[in-house]
Amino acid sequence: MSSATPCLGYGLGLRSTYYSEILEQHPTVDWFEIVSENYMVDGGKALYYLDAIGERYPLVMHGVSLSIGGPHPLDRDYLQRLKQLAERVQPAWISDHLCWSRGNAHQLHDLLPLPYSEESLQHVAARVRQVQDTLQRPLVLENVSSYVRTADADFSEWEFLTALSDLSGCELLLDVNNVYVSARNHDFDPWTFISALPAGRIRQLHLAGHSDYGHYLIDTHDHPISDPVWQLYQRTLRHLGPVATLLERDDHFPPLAELLVELDKARTLGAAALKAEAICA
Amino acid sequence: MRLIDWQLELEAFLLGDQPLPAAALRDSLLGSPVLSVEEGLAIYHNAYRARLLETLREDYPSLCHWLGDDEFERLASAYLRVHPSQHYSLRWLGARLPAFIEGYLVAEQSAPLAELARLEWAFTLAFDAPEGVPLTLEIMASLPPAEWPSLQVRLVPSVQWQVCRYNSLALWRAGKAEAEAQDFPASLALEQGEVCLIWRQGLVSRYRSLGAAETKALHGMAVDGWNFGELCVVLTAYSDAAPLQAATWLKQWISEGTLERPGSSL
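Chains as they are written, first to last, in this note's numbering: chain A, 1 to 281; chain B, 1 to 266.
Rather than coming from a laboratory, the hints here were simulated on the basis of the structure.
Please note that the accuracy of each hint is not assured.
Calculated pairs, BS3-like style, for lysine-lysine (alpha carbon to alpha carbon, straight line, at most 30 Å) [to be verified]:
1. B:251 - B:216
2. A:275 - A:265
3. B:251 - A:83
4. A:45 - B:251
5. A:83 - A:45
Using the sequences and the hints given, assemble the complete structure.
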């Protein structure tokens, strides 16, 4: 893990469903990750709870609309809004996805994969540098789940992430579930992906559930984490050492208590993988 | 294929009505033993539509309830063809739906539907508008009597001033309560149009219909810039108890958190 920021431990994605319970119950969660765009508003409930929860817990910002690989110029208004939000939140770090979510003319609101080509690498690296200049901090980029891949790739996805990190100085958010989903869909070994990444650049891990359609998987974030993903997570921690881990749930929200049980499972399995009582000293 | 050309191909595919990829896009991709190129593309095509429709359903639950799922989906799909998303946040996807409805159907059908949509969108706008600096009764209690006649106020930023010519509020309430079809009120034109105020007080969304006299008084003070003394003068034409009525209304508006002093939230 990158050594500049201490490992935060085990976090949950902050969702409005759980706002009041979090403030009333002060659950044992080490940190929360917010979806940045949900707080790019001028007032109301979201900002109230953001401030109140931010007083009690460390926060990390995770965006979905940067479109770092898009064909359009980077959206200056969006970046300014992101920067303003960062000033308010004082996040431990800011992440988004290695993808494009805006086309030439329209917002597509999806985490679309890139061709892993030399052209894409140069395009994305230049834009990462622009974002980092604006935010005055390293950008953390997450690998996405994918359902198509291009034929004329110069790199594998893991080679691309590594090269991008080298070229731009960005850090990585390794979504273990996304690796598993893409590996099943594209028929590669997930461990080949994870073991090839530059361990020192991995700032954070994501865990989430997916939907199994029999022969392929879709990353839906609406189920508990599957057993193969737990196994991959443990293997990842044995390989990397302690890394901040985040449990994501975006639909079919269970009671908070159920998510906390799942987060405890991550702690237990994480500790077992690290052969220690706690993941973060 | 160049990166931008490939992205334009994929964008055109996603925006198309049917998941039918152009040959150039299909040939640029590799399938796997478990997921063919066509299946993989269809996942993205379906997700794009489903996500946008779900957002519109969440922003317009009463409209959706009134029209039914199928009719709402037809309306939403027609809207998205004309107004694909331009904002990075889905929060703004439905902003132009009320105006779109006005041109989508003939006037007699579209007017009540557009009004209901406008009402629902007003709640969305109030929900995350800036807080402003609402006047409180405590602040008013400290106002020296000599300053009352010249007191000026305006609406806090979250207040949405909706003119209703139909029973849209009743439809909205029925939609909110997820009323069964047989309990859903028929759309009716009101004998006299009324103003519905929608705003946020603290974290709570509120709404209230105003009578004609109160509408005139509130608009005069909070929009037209009358001071309290001028309000009293106007009301005198209607009532001997004008100052009392003016003070009663002002107290109510302030208790409800709808007013601030000009310049207070600049």
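Outcome of the hint check:
1. B:251 - B:216: holds, 16 Å
2. A:275 - A:265: Holds, because 15 Å separates the two Cα atoms, which is no more than 30 Å.
3. B:251 - A:83: With Cα atoms ~41 Å apart, residue 251 of chain B and residue 83 of chain A exceed 30 Å; violated.
4. A:45 - B:251: Distance ~26 Å between residue 45 of chain A and residue 251 of chain B Cα, so the pair holds.
5. A:83 - A:45: holds, 21 Å
The structure shown violates just one earlier hint, number 3.
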